[in-house]
Each structure stands twice: as C-alpha cells, then as structure tokens.
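Undergrad: Spelled out from the first residue to the last, the chains are:
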Amino acid sequence: MSDIIQKVKNLSIGFKSKKGEEILILKNISTKIKKGETVGIVGESGSGKSTLALAMMGYVKHGLYTIGGECEFNSSNLLNMKSKDLEKIRGRKIAMIPQNAGQALTPNLKIGYQIDEALQLHSDLSEKEREKKISELLNKVRLPSPETIALRYPHELSGGQQQRVAVAMALAGTPDLLLLDEPTTGLDVTTQAHVLELLNFIAKDTGTSMVYVSHDLGAIAQVSDRIIVMYSGEIVLEGPSRDILKRPIHPYTHGLLKSIPKLSLAGLPESMPGSQPQPGIIQSGCSFFDRCNFSEDKCKNNSPQLEFLKELNTSVRCFNYEKLLKESQFNQNVNKIKNNSNDKEILNLSEVSISYAKQKLLDQIFNRISDDNPTVKDININIKKGETIALVGESGSGKSTILKSIAGLLRTKDGLIRFDENRNLSSDLKERNPNDLRIIQLIFQNPDESLNPNHTVEEIIAQPLKLYFGLKGEELNKNIIDLLQKVRLGEFYMSRYPRQLSGGEKQRVAVARAFAAKPDIILCDEVTSALDVSVQAAVLNLLQQLKEDFGTTYIFVSHDLAVVRAISDRVAVLYQGRLCEVGPSNDVYKFPSHPYTEVLLGAVLEPDPDIKPKLVAEDIVEEKPPEKGCSFQGRCSRIVGDICKKEIPPWQLTDSGNAIRCHIPIKELQKEQF
Amino acid sequence: MLFLIIKRILLGFITLFIVSLITFVGTEILPGDACTTYLERQAFGEQLEACYRRLGLNVPAYERYVSWAVNAIQGDFGYSLSGEMPIKEVLGPRIKNSLVLASAAIFIGIPIALILGIVTALWRDKLPDVAISTVTIFAMTIPEFISATLLILIIAIWLEWLPGIVIVPTDVSFLELLPNIILPVIAIAMIMTAHMARMVRSSVIQVMASEYVQMAILKGVPYWKMVFKHVLPNALLPAINVVALTIAWLLGGVVVTEVVFNYPGLGRLVIESISNRDLPTVQALAIILASIYVSINLLADLMTLMLNPRLKTLQIRK
Ligand SMILES: Nc1ncnc2c1ncn2[C@@H]1O[C@H](COP(=O)(O)OP(=O)(O)OP(=O)(O)O)[C@@H](O)[C@H]1O
Ligand code: SF4
Ligand code: SF4
Ligand SMILES: [Mg+2]
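Order-wise, the sequence lines are chains A and B. Quick note on numbering that gives the first Met the number 0: the first sequence kicks off at 0 and runs consecutively. Quick note on numbering that gives the first Met the number 0: the second sequence kicks off at 0 and runs consecutively.
Calculated from the structure, these hints are not laboratory results. Every residue gets a Cβ at the ideal spot worked out from N, C-alpha and C, and that includes glycine.
Selected chain B positions facing chain A (in silico; Cβ < 10 Å):
{"hint": "1", "residue": "R123"}
{"hint": "2", "residue": "M207"}
{"hint": "3", "residue": "A208"}
{"hint": "4", "residue": "S209"}
{"hint": "5", "residue": "E210"}
{"hint": "6", "residue": "Q213"}
{"hint": "7", "residue": "A215"}
{"hint": "8", "residue": "I216"}
{"hint": "9", "residue": "K218"}
{"hint": "10", "residue": "K224"}
{"hint": "11", "residue": "K228"}
{"hint": "12", "residue": "P308"}
List of simulated lysine-lysine pairs, DSS-like, C-alpha gap at most 30 Å:
{"hint": "13", "chain 1": "A", "residue 1": "K87", "chain 2": "B", "residue 2": "K224"}
{"hint": "14", "chain 1": "B", "residue 1": "K228", "chain 2": "A", "residue 2": "K92"}
{"hint": "15", "chain 1": "B", "residue 1": "K228", "chain 2": "A", "residue 2": "K87"}
{"hint": "16", "chain 1": "A", "residue 1": "K485", "chain 2": "A", "residue 2": "K337"}
{"hint": "17", "chain 1": "B", "residue 1": "K228", "chain 2": "A", "residue 2": "K60"}
{"hint": "18", "chain 1": "B", "residue 1": "K228", "chain 2": "A", "residue 2": "K139"}
{"hint": "19", "chain 1": "B", "residue 1": "K125", "chain 2": "A", "residue 2": "K81"}
{"hint": "20", "chain 1": "B", "residue 1": "K224", "chain 2": "A", "residue 2": "K131"}
{"hint": "21", "chain 1": "A", "residue 1": "K17", "chain 2": "B", "residue 2": "K125"}
{"hint": "22", "chain 1": "B", "residue 1": "K228", "chain 2": "A", "residue 2": "K132"}
{"hint": "23", "chain 1": "A", "residue 1": "K83", "chain 2": "B", "residue 2": "K125"}
{"hint": "24", "chain 1": "B", "residue 1": "K224", "chain 2": "A", "residue 2": "K92"}
{"hint": "25", "chain 1": "B", "residue 1": "K125", "chain 2": "A", "residue 2": "K18"}
{"hint": "26", "chain 1": "B", "residue 1": "K224", "chain 2": "A", "residue 2": "K139"}
{"hint": "27", "chain 1": "B", "residue 1": "K224", "chain 2": "A", "residue 2": "K109"}
{"hint": "28", "chain 1": "A", "residue 1": "K127", "chain 2": "B", "residue 2": "K224"}
{"hint": "29", "chain 1": "A", "residue 1": "K83", "chain 2": "B", "residue 2": "K228"}
{"hint": "30", "chain 1": "A", "residue 1": "K412", "chain 2": "B", "residue 2": "K6"}
{"hint": "31", "chain 1": "B", "residue 1": "K228", "chain 2": "A", "residue 2": "K109"}
{"hint": "32", "chain 1": "A", "residue 1": "K81", "chain 2": "B", "residue 2": "K228"}
{"hint": "33", "chain 1": "B", "residue 1": "K125", "chain 2": "A", "residue 2": "K87"}
{"hint": "34", "chain 1": "A", "residue 1": "K33", "chain 2": "A", "residue 2": "K611"}
{"hint": "35", "chain 1": "B", "residue 1": "K125", "chain 2": "A", "residue 2": "K60"}
{"hint": "36", "chain 1": "B", "residue 1": "K224", "chain 2": "A", "residue 2": "K132"}
Can you build the whole structure from these sequences, using the hints too?
TA: Shown next, in the form of structure tokens:
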C-alpha cells in the first residue's frame, strides 16, 4: 500500500443554501493518487474539480464544509487535522500551484521573499544557503538572471514568469505531491507549452506526484498518466490517459472530445447540447441524462454507479458504456464551413498605424499623434464581403487594438479605414454617423462585462432596434422574439436578467444584440474564450449559421489557433502589431511558412498524447516592437543575420495566395516545413 | 517620482487659487458688501466712505483680489468686521482648539478603529464580529446631534461627571480646555471610529478572500504571520486615503458637534461668520479649509505612493 500517496474516501463537500438546504458540490468521491504519478482532473466549469484538488490539501473554501468522507495523506485524514499540523504538511509535503499566479503572489512582497518564506518554513537551511537555494530554484524553472528576479515584485514579471515563480515556490519545500489548478489557463499558447514542458521535466526529475486540474483536455493530454473526468460533482470516468483520450467510453467524455476543434481538422466540431445541472438540482436518474446521445429509458430514473472494469483498468459511471466500447475507433466529425465570400470588398485597411503612447502637450493641442514606433503599424488588409478573417497572435500582438480602431473606439495614428469601396470611416467615433456605427458591431470576450446587469434580455436587445430603426411596440417585440429564436433562445428569456443566464446563454444574448443592428461586419473579440468547450462548439456553430443566413462578414480574434482553424476562411498572423503572414487558412495551417506562424502552430496542445507540441522559439516577452527591421527578430530561430535587424522584410507571395513577410526566400521557407 | 510629487504640489496650488477666486467672486456678486452689511442703516455718506477706505473697498475688484491674495499668502487676511480685529488673531486660537479636538479624536479613534476592523474581519460571522458590528452599525446610523445631546443628558446632566457645554474663553490654555473636550471627543470619535472600522473590516475581508492569501495558507504560512505579512499591508493601504479624508473633515470643524457643545473651534466660527455676514473671515476660512484638505490629501497620496510597490515602480518606469 505504500505506493499510494493520497487517498480520497467517499468525500462529499457542500454548502447550506439560503433556505437551509444542504447542497452537494462533491458527491461521494473516492480515488487514489500513486507515488510518482500525474493524474489529470477534467470537467466543465463548476464540476467541482478545484474543490476536490483543494480538499486534497485539507483546505475547504469559506462557505463550504465537509459533509462526509476523508482525504488521507500518509494515513492521516487532512480534513479533521488541526491547523498547526496542517501547516507542517502544506508547502512541505503537498504544494499547490495556482491558476492565476499573478493574483496568487502577494503584491507587496518581493519574489525572493516569498520563496524564502517557504524555505524558512519547510527547511532548516541557513540564510546563506537559502539565498543560494532561491537562485537554484529560479534557475530550475528557467527564469533568466535569478538574482535580479528575486528582487522584483510580482507585478514586474510577465504572466509566464509569474507562473514559473509559483512553480519555484511550490518546489521550495520539496513536496511529495503537487496540486496544480489550471496552471496554464490564461497564458499564451507558446508560454503554456513551455510551462507544461517544464512541469513534465520536473515530474521526471524529482519523481513528484502531480494532480493536474484543468478544463483543457489538450493540456491534460500532455502531462497526465491517468485522467479523472468529473461531471456535476461526480467522477464519471477514470482510467489511463491514453485510453480515455483515444477511446472514451463515457458519453460525456465522448461528446467533450468531439466538441474540441483540432488543428488537423478544418471545420466546425459537433456541439453537445444543454449544460451541466446547477448544484442543488436533484435528479432522480443519471445527471448527464439531458445531454446524452446514448441514453435509454432506464437512465431517467436510475442513477448509474461507478463501475470498475478490470480488463481496462478503468472506472465508468454509465449503463451503456458497452455500446461505446464496441465502437472500434473514436472518430471526430466536423462540418466543413462554406466559404460564401464574394469578391466585393467590404472593408479595407490601408497603412493603418495605432499608437498608445501618451502624447506631448504640443501634439495634444494640435490634435495629432506622433510616435515613431507605434503599437500597431502598417496594417494592410482587404476584407471581402461574407468572409471570416481571423487575427491571431500572442497577447500584446495588437489584435484587440485593431478591432477597437475599426469600431472607432480608438483613434488611428495614420492610415485609412474604408468601408464598401468608397466610404472612409473617420477614426474619431464622434464624427461617425449613426449608419457608420450600425454597420460595424462588436461582440466581446466576457459577456458578463458587456451586458448591463440591470437590464433584462428584452431591454438589451431592444436597445439597438430602437436606436437604429426606431422600432416601437408590437413590431419591436416581434423583432426581439425573432432574434432570440435565431440564437436558439426561447421567448421566455425576455424577462431574464444576465445573472440568471449561463455563460453560453449570455454570449448568445450578446450575439443577438449584435445582429439586432443588422450589421455588415461583426467584430468578434475572443468570443468563446470564457466558455467551456462544449458550449464553445455550440456558439461557433451558431455564429457560422447566422453568417450563412445573413451574409455577414466576421473579423474574428482569438488566441486559440484550433478555434480559428475551425471557423475562418482567411488568417492574418500578427506579431508585435506588425503583420507576418496573411493567407487562406487552409494554406497557413497546412504549410506554416513564416517562422512565427511555425512557432504558434507548434505550441498548440492537442488532446492526443501522441501529438507533442514543438517548441521552436523561446517564450520571452518583448515589451516593445523593435525600432528597425523585422518585428520577430528578437525570437526568430531562423534569423538570417543583419538584414533582419536593419530592414523591414518584403512581402512575398506564394502560389496558393499566401502573403509572407520574411527575408528568407519563399522557396526556402516552404522547404523546411515540419 | 519627484516629477510626480512636484506635479501634485502644483495641482494643489492651482486648486487653492481656484477656491480663492470662487470665494472672492462669490462675495463680490452677493448684493451689498461688507460695509453696507456692517453699517446697516448708517451705510451712507461719510461713514460708508470711511469704511470703504478702511477695508480698501474703493479700488477695482481685481486690484483688491491681488492685494488680498498677496497678503493672504503671508498669512495676513485683513480685518474681521464684527470684532474689528485682525482675522489672523481670530483664527489662531480657533485653529488651535480644532486641532486639539481633532487630534484627540484621531489618537483615540484610529487605533480603536483599526483594532475593531481587524478583529471583526478575522472573526468574521463569529461572536466578536456579530457583537462589534452591531454596535458599529448602530453608532454609524445615529446622527451626531442626537448622540451629542444624549451624552450631555446622561453624563453631564444626570451623572454630573463632566461639564456639558464648553463655556470657556476662546483662548484658554490647553490644560483648562482638557476636561471640556472629553464629551465632544467621544461624540466625534464614536461616529468616526465606527465608519473607519467598517471600512477596515471590508478591506481586510476582501484581502482575506484573495487568491494570494489562500496561496499563503496553502504554503503553510502560520496564521498570524500570514495576517501581518500578507493581509494587513495590503488591506490597510486603501485605508490611508479614508483616514486622511476623516482627518481633514475633523480639522475643518465638526460643525454640528461644535455647535451642540458650544465648542470654540473652526466649525463654529464658520457658522458664526456666515450668520454675521463677516465676509473677510468667510473668505479666510474658505482658503484655510481648502488648504487643509489639499495638503492632507497630498500627504495621503504620497504615503500610498511610498508604500505601494506597484505604483512606485510604475512611476519610475515612466
Ligand atoms: N464558497 C462557495 N459557496 C457556494 N458555492 C460554491 C462556493 N465555491 C464554489 N461553489 C460552487 O461549487 C461548484 C464547484 O466549484 P469549483 O470551483 O470546484 O469548480 P471547477 O470545476 O473548478 O470550475 P472552474 O473550471 O470554473 O474553475 C460550482 O457550482 C460553484 O458555483
Ligand atoms: S447512464 Fe444513460 S444517460 Fe447516463 S451517461 Fe450513460 S447512457 Fe447517458
Ligand atoms: S525576417 Fe528574419 S527575423 Fe524576421 S522572420 Fe524572417 S528570418 Fe526571422
Ligand atoms: Mg477551478
């Protein structure tokens, strides 16, 4: 038994509702973590995975309490241990790496101090030795110049660096078990791939067991030996990682895997209908019944038990797993998107530059912008009516900045934005006429922030209808119901407030509001990033359907390259506010030719243990674009010498219509594909 | 950093300049002037002329503003109307009295508020919190004039422990003033402490719920070390500005309390000079109160700047 490090036995955690009812968040969970093993816990938001991970440290959040069960670590139950004893285990035996290191590091304390604190608590090194150890740890997580980093405050580091500091801090106590709660969510693709690689290295190097919590099967696939799938506070599937990803035998996992867009598949994945039941809703049968494609009558009234299949070394909670077991191969279907763009130009950006620099007094007086090295520079894109063009790049590459300027929310420094071949859109919002405003609508990443919490759905959708078309009374009502139907929401949603909607429903309302203006162009800024994968697929399908119905043009910004692959006709790759490559998405994804595109695509995590990310360039964060030469020179692994540092690379055209901006001749770029 | 400080100081002066202009223009536009008010029925002929000459009202307005401003900077605010003595001399003891009252309230109130706020936050929803919070919320909701009157009724009239109203000349010595200020201080400190304790409580609770505190717990940091190292510095930072505003509010005279207790501080002077239409004094008071607000807020901002590593480096980088 000694190879088991953590044993969770019949754990139930819940809270008291306002009415005094006991509401379960974790329902009778039992599992074991072995020494040296990495276990991934996946599930949709709200499935209870963080609660489970925290319980493994004997921590239950304020407001929640343990209803029954144990979390055993070295044969003692953490959940009824005194805080004195817990302090000796936390950080020393079990350490946590949080989701958002930026918020999990104390803002007023230096990095070095925060690591030192862990060392002081969990080792008896002298001050000199600790100093050395801090440098060692920072080195181990591959942070540059540890001595200076130790003297910085958390906010002086980039997101990826903060995450590395959190890893270093967790390693300070040389723990036997590391708990990671979404440690890479919120990081750029490239950074994410690097952090995962670091974690894999540490797991091998130190033999630490890890519990990796994430909603992202792509990340889980890269690190874990075993996977636990949670749904609505229960374990529904648990088994070896490869089996679960290659042949999911629970309908939920099956559906989940099908709804994830893949780099290798162009087209929209199938979506899973419905959403996870809210905690507290008592169902007599299987909790997945409403959304299940394999359900039978007996599932409605009987709840399946977790059943251990010896030959597969897998536990599954489903009456019908055999049906799935018989499906010899797991196949993902996608619906190819129709490219219904025509040759008519709808929007043209020429030589657009945008600057965030604070302007000097003199410039302010003359109402002009002067900046030699603006955030976004020389953007030339010609967008066709009815197409979906995606802007991709890491955070800080200027994707949202460009969208804001198109919408008129941000002044451009130079350049022209032309609509429909002849109308120049003013860069000043106040000078745009109502029609200019109507033709371009924005949908934001976070519907919570863009929907007024004090307005009902009806009022939210009515606003643009009244503003742009002056609709009133019966007609207004009819239009609202129409729009709600278009985004697949029933009429009864009209009187709801945003807080009474789920994430996916809120985003649908935001989509309906955008379409209410009957716009020609819709700007989508990370519209699916805040959503769970199953919901994401549904929203993507909806957007595609609406586009086909209305002939709308989308400008789609996302950091998720697989999502972009699924929905877009054309892709523009940006680095530091400069275009690197523009072309049909099929070509960009099939032959990534610009060195930066290679880096981006190489870092994508696929939910497949056999596809490993390729790390081409370092994930350094550059604060500012370089003054001269190629924007990517600082990180390019194929840099050809001085010319890259001095001269802006020329645009080169490939036969298939890709435009690539690099000094390396096009023939050579295309030769060295991976 | 230095640039920022200079900028803030300059802004402060501009604020003061604007305040002085507004009060000056305000008193100009009002019908009648200082002399007509003062002389009332006799406001004509020789006497009026003399008064104008004495107060320098016979020159154009902008000239009067300039000479007033130049003198004010040197601390000379001219003459008050009613007492016919230099405003400087009227103000001096009043400022001193207000200062005594305010500092007493601050020295008692702030530590108590901090302790109460922290205790209620750390024992959130437990007995200490429920008990203290009930009292503070109660103290916050009773208006000052009621609590002041009650204090007088109970302690001064029924128990006869302390004098109820302050009947001393304006310029008494500190020791003589002391027994007189106990009740006003209690009246002020009560409401101020309650407000500040609530503020501190919510600030500490917010920080306690933050991810970095959860992280510190999960790192195995002992409870009290976590409170002092990770929680308090971050929770009390935003409190600095509130404390500053409270101090400014206290110094500016707690009008109601001063009137109820008949306390000779700045607040009562404001009321008195307004009801006497003593315009020069009103002007002087406006400028002095404004300076107090500006300088205390400036101090608070500078302190926040020094203590918050975030702001500090941001400024240096720029
Ligand atoms: N303090 C609390 N009081 C009441 N309910 C809570 C509390 N904390 C969490 N919950 C609920 O518990 C459920 C599980 O929460 P948990 O944080 O474990 O989910 P998760 O799977 O980690 O989700 P995510 O992917 O969003 O992090 C959710 O329905 C959440 O609303
Ligand atoms: S038990 Fe029935 S409803 Fe539940 S997952 Fe299995 S097939 Fe679907
Ligand atoms: S121009 Fe030079 S630095 Fe830029 S991407 Fe091409 S090879 Fe790399
Ligand atoms: Mg979570």
